[in-house]
Structures are given as C-alpha cells and as structure tokens.
Amino acid sequence: MNSATSTTSQWREKSDNQTRLAFGQALLEIGAREPGSVVLSADTQDLLGIRPWIAKYPDRFIEIGIAEQNAIGVASGLATTGLRPYVCAYAPFIAARSMEQIRNDLAYANQRVVIGAAASGISLGVAGGTHHALEDLALMRSMPNMTVIVPADVNEAYLATLATLDIDGPVYMRLGGRTPEPPVTDDSAAFTLGRASRLRPGNDVTVIACGAMVELALRASDALKADGIAARVLNMHTIKPLDHDAILQAAAETSGIVTAEEHRYAGGLGGAVAELLAVEQPTPMRMVAMPDEFAVVGPTVALREKYGMSADAIVAACRSLLL
Amino acid sequence: MNETREALLERLEKEARQLRRNLWRALRAGGGGHAGGSSSAADMLTALYFHRMNLKPAEPEWPDRDRFVLSKGHANAALGAVLAQAGFIDDALLDRFYHFESPFGMHPDIKVAGVEMCTGALGHGLSIATGMAFGARIQKKPFHTFVMLGDAELHEGSNWEAAMAAAHYRLDNLTAIVDHNKIGQSGRIEELISLDPLADKWRSFGWEVREIDGHDMGQIVDTFGALPLSKNRPTAIIAHTVKGKGVSFAEDTYLWHSNSVNDEVHAKALSELGEA
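If you read the sequences in order, they're chains A and B.
With numbering that gives the first Met the number 0, letter number 2 in the first sequence gets 1, and the count goes up by one each step, no holes.
With numbering that gives the first Met the number 0, letter number 125 in the second sequence gets 124, and the count goes up by one each step, no holes.
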C-alpha cells in the first residue's frame with residue numbers, strides 16, 4: 000500500500016478524534032504529493048495542527064496573521080501562479096468576514112484554493128454567539144464553483160482533504176472544534192466527492208446528516224430500531240455538489256426525510272435538501288438544526304441539547320413523520 | 000535596437016494618446032462609463048505595457064510574465080484599451096464594451112487574455128498581488144507584480160492588511176501604484192475621508208515610497224526603471240494625477256467619475272485628445 004497506509008495509525012492518533020487536526024495531518028501527505036501546495040495561517044497554527052507542516056515545509060508556509068480578508072486574497076494570487084493554497088482559519092471568521100473575497104477572488108475567478116474552516120457550528124460554545132459559525136454553509140453553498148464538504152470524523156476529514164487535490168476550483172472544508180468527533184465512517188471505504196454514504200439501511204424513514212450530527216443520527220437510528228423502525232442514515236459529507244440521486248431515492252423509498260446539522264435552520268443542509276425535494280419530489284421533511292436565534296454561552300454538547308440538535312430530537316422528528 | 004530616451008518617450012506618449020482615444024471609444028460603445036479614473040491611469044498603463052513589463056501578448060499565460068492587477072477595476076476601459084493596443088485581445092472587442100455577453104464589461108474579467116484577476120470590488124487587488132509576488136518567491140521566478148489602486152479605494156481596510164503582510168515578508172518584487180487623482184465617486188476625497196498623510200501611511204507600514212507626476216512620462220519611466228526602489232521592501236508609487244486627464248470637461252470633477260457618453264460627447268473628447 001502507499002505511504003498513507005503505513006502511517007495511518009500515526010495520523011489517526013495525532014488527530015485525536017478531531018477533524019480540524021486530521022486536516023492538518025492530511026496536509027503533510029498533500030505536501031509530499033503536491034510540490035506546489037502552500038499552507039496559509041490566520042494565526043491558527045495550533046487550531047489546525049499545522050506546526051509539523053511549518054517545520055517540514057517552511058518555504059511553503061505563510062503566516063498571514065488575524066487578517067482573513069487578506070488570507071483569501073493572497074491565496075487567490077498564489078493560485079494564479081500555479082500553486083495550491085490551503086488556508087487554515089476559524090470558520091466563524093473566514094466565512095463571514097471574507098465572504099466577498101471568497102465570492103470574487105475564489106469562486107468568481109474559479110481559483111483552486113482550499114479553506115480549512117475549523118471551530119465551526121457551536122464548537123466554540125463558551126465563546127458566545129460572536130464565535131459561532133451557524134451561517135457558513137448557507138453562505139458557502141450559495142456560490143457557483145464552490146465545493147462544500149463537511150467531514151463526519153477524522154477518517155473522512157483526512158480522505159476528503161486528500162480528495163481536494165483533484166478538485167478544480169475553490170473548496171470550503173467545514174471542520175469541528177475540540178469536542179471529540181467519534182469514528183462513524185468505514186475507514187476501508189473510499190471517499191467519493193458528491194456521493195453520500197449510506198451508514199444504516201432502512202426503508203421507513205431517512206435521516207440525512209452531516210458533520211458531528213452523523214454520529215447522533217446513528218444513535219437515533221439504533222434507538223428507533225429497538226422499536227422496530229428502520230431509519231436509513233445518509234452521511235451527506237458533500238453539501239455541494241449535492242447528491243441528488245441519494246436524496247431522491249430516499250424520498251421515493253422511505254416515508255419522509257429528517258435532516259440534521261449543526262447549522263442554523265436557514266440555508267444549510269436542510270435547506271439544500273428541501274430545495275431539491277420541493278421541486279423534484281415533494282416529500283414530508285423535518286429539520287434538526289439551530290433555530291433562528293443566537294445561542295447562549297455554554298459547552299457544545301449542552302448547547303446542542305438545548306437547541307434540539309440531539310439524538311433524541313432526531314428520534315422525535317423521525318417518529319413525527321411516521322404518525 | 001537602442002531606443003534613445005527621447006524616442007522612447009515620444010513612442011509612449013503616442014501610445015498614451017491612442018489609449019485615451021480607445022478608452023473613449025469603448026465608453027461610447029458602452030453608452031458611458033468610468034472616464035475619470037480610466038483617463039488618470041492611462042499614462043502609467045502605457046508605460047507598463049509598452050515599456051516596463053516583460054510580456055508575451057501572443058502567450059498571455061506565459062508563466063514568467065510580469066503581473067498587473069487593476070485593483071481599481073472600474074478603470075477597465077483603459078485596461079481593455081491597453082490590452083488591445085498591446086495585442087492581447089482583438090481591437091474589435093473595444094466596440095463591445097458593456098454589450099450583452101461581452102467579456103469586456105465594466106470590470107476586468109479573468110477570462111479575457113491578459114487580465115490577471117476579476118477585480119473592481121475595491122480592496123482586493125493588493126492582497127491578490129501580494130499572493131502573486133509570494134508565488135514568484137516560492138517558485139523562484141523572476142517576474143515582478145504591479146497593482147494599481149485607486150486613492151479612494153484606500154478607504155477599504157483590507158488594503159492595510161495586505162500592506163502590512165507584503166512589508167513583513169519583504170516583497171520587493173511587488174509595486175503598488177496609487178492613482179492619486181484626489182476624487183472619489185461622491186466628491187473630493189479630502190471631504191469624504193482624508194487620506195493624508197498618504198506617503199507617511201505607506202512608509203509607516205514598511206514600504207518604500209516615491210511620489211511622482213502620474214502624467215509625466217519621463218518620471219514614470221524613470222521610476223519604473225529603478226524598481227525595486229529599495230532592496231527588501233515593496234514599493235509604493237503615489238502618482239499624482241488628474242481625474243479625466245486629457246479631456247477638459249471631464250477633468251478634476253467627480254461628475255466624470257462615471258458618466259454617459261454619446262456620439263456628441265465622444266466627438267468632443269476626441270477633438271481634444273488629438274491624433275495618435
């Protein structure tokens with residue numbers, strides 16, 4: 000097998016069940032494979048675990064400082080010269096503050112730049128609403144040419160990051176924070192961009208989840224199974240391009256669809272699925288997501304519970320579709 | 000061939016006249032546009048494309064070409080004109096300014112040969128040019144990157160993020176040209192938000208600064224020829240210019256930041272610009 004396989008246990012351990020660190024580990028393999036790869040930091044060297052990169056490739060590292068707009072512009076300029084920039088940043092800042100640079104300099108100009116956006120959702124729970132990224136999927140998936148990926152665990156984050164080498168355009172990779180993201184994906188399976196993976200079979204109801212909510216969807220499916228309800232679970236790791244086939248198939252084969260995401264209700268995964276189904280195949284839906292409000296201060300898991308982003312909430316949503 | 004300085008300046012001034020005629024031609028085709036900022040930039044664009052920059056118009060993607068980013072993208076009529084005169088694009092494209100499905104719209108589009116980036120949303124170009132200059136350093140390429148900024152554009156804070164980074168990394172293969180025509184869209188910049196002391200601002204950010212008359216071809220050529228002005232520092236050229244330069248009724252007024260151009264206005268402008 001290749002060098003990746005031989006060091007799998009190493010990067011897995013160093014990732015410590017956090018997708019943000021798996022991104023940093025995958026960059027090391029990208030550095031070896033792609034001599035044109037360059038890493039940029041917005042004062043985020045530890046957030047994405049890139050100190051090993053800095054030690055190994057000092058000439059292919061640029062610290063930008065806390066200047067997200069400049070980080071995206073510089074990355075765009077680098078890309079025009081044939082390099083492959085990877086921008087390491089905080090999701091709540093890079094997506095919102097640099098939105099215009101991402102739209103114009105990356106999406107409109109279609110430059111091959113990958114944004115590693117860590118600490119997404121409410122992972123910075125105690126930091127408060129100023130530091131929550133609950134609109135980023137809505138912003139990022141609304142732009143032509145963008146690819147939007149939300150890995151569910153470190154295995155998927157690692158493979159998805161490697162997969163960016165073959166994407167001819169800008170990529171937004173949404174990564175978690177310090178709250179552990181337990182393994183949920185099959186680490187012997189390949190990562191296929193734009194193709195949802197079915198983690199549980201079932202023809203009663205379907206849960207379509209992304210990111211940290213995939214694990215909760217699996218727990219919900221297991222709980223429903225005890226009551227004789229077969230809840231299919233789709234891991235929708237690619238929000239754009241969206242896997243229309245898997246969604247339409249689920250709509251045809253099951254009684255309804257529940258989406259689950261750590262993102263505000265408006266415009267995220269649920270919105271993307273609803274846009275498709277409303278036009279192609281109107282289907283009963285429930286959305287498990289952050290309501291239209293700013294979260295209070297608190298630990299991430301407690302905030303998920305408070306705002307209805309939990310396995311119990313997914314179970315209740317599934318049941319309501321089967322009444 | 001060894002061109003004398005006199006011959007060089009004469010050749011460039013002739014191209015600059017032609018550039019102004021061509022940009023007004025584009026404005027007529029579009030029914031109007033940004034005459035003021037296109038005209039103030041015209042002499043420096045001429046010196047870049049017909050003298051200073053190392054380019055292969057027949058091979059616009061040549062990896063070692065010098066880069067030019069028009070951050071003040073609303074001066075695209077002037078960029079289109081210079082690209083046509085230099086042979087990057089078909090001259091006939093100038094007559095399709097603003098036309099339906101034309102690649103030559105109000106702002107530069109990277110799909111047009113010779114255009115390095117989609118610009119015009121202000122405050123983007125200096126970051127992009129910094130990335131290009133960094134790309135040259137990482138790949139050990141000899142090219143120089145130029146970026147032209149509007150003066151009112153400097154109100155955008157992102158410029159100063161880029162200014163800080165370019166100086167920190169000692170990118171002496173980067174030159175920012177400020178087209179300092181003193182007028183923004185709504186009036187005189189001094190009355191909007193003052194930029195002064197502009198040269199000191201750049202110096203304090205770590206740039207080597209030179210102030211020139213942006214319409215004096217001799218000064219322009221001499222300054223471009225001396226780049227980088229300082230080893231280990233990016234250069235900022237603050238070019239004092241006249242908005243609408245060359246056409247009396249468009250000069251030094253915010254009313255000609257952008258305005259309508261019909262056949263009559265066009266003819267009047269050309270009569271003042273003289274033959275190329």
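Hints are not guaranteed to be accurate.
Unchecked claim - If you anchor each label on the Cβ, the simulated ranges turn out as follows:
| hint | chain 1 | residue 1 | chain 2 | residue 2 | range |
| --- | --- | --- | --- | --- | --- |
| 1 | B | 99 | A | 224 | 25 to 33 Å |
| 2 | B | 140 | A | 311 | 56 to 64 Å |
| 3 | B | 227 | A | 167 | 44 to 52 Å |
| 4 | B | 12 | A | 65 | 55 to 63 Å |
| 5 | B | 30 | A | 42 | 45 to 53 Å |
| 6 | B | 140 | A | 194 | 37 to 45 Å |
| 7 | B | 225 | A | 65 | 20 to 28 Å |
I should point out that these hints are in silico values taken from the structure, not numbers from a laboratory.
In this text, a Cβ means the ideal position worked out from N, Cα and C, and glycines have one as well.
Now the hints, each set against the structure:
The hint said 25 to 33 Å for the Cβ distance between residue 99/B and residue 224/A, and at roughly 58 Å that hint is violated. Here the CB-CB span from residue 140/B to residue 311/A is close to 58 Å, well matched to the stated 56 to 64 Å. For the pair residue 227/B and residue 167/A, the supplied restraint of 44 to 52 Å is violated, since their beta-carbon distance comes to about 35 Å. The given range of 55 to 63 Å is broken by residue 12/B and residue 65/A, whose C-beta atoms sit roughly 46 Å from each other.
In this structure, residue 30/B and residue 42/A meet the distance hint of 45 to 53 Å, their C-beta atoms being roughly 47 Å apart. Between residue 140/B and residue 194/A, the C-beta spacing of about 39 Å keeps the proposed range 37 to 45 Å intact. Checked against the hint of 20 to 28 Å, the C-beta distance between residue 225/B and residue 65/A comes to roughly 35 Å, which is inconsistent with it.
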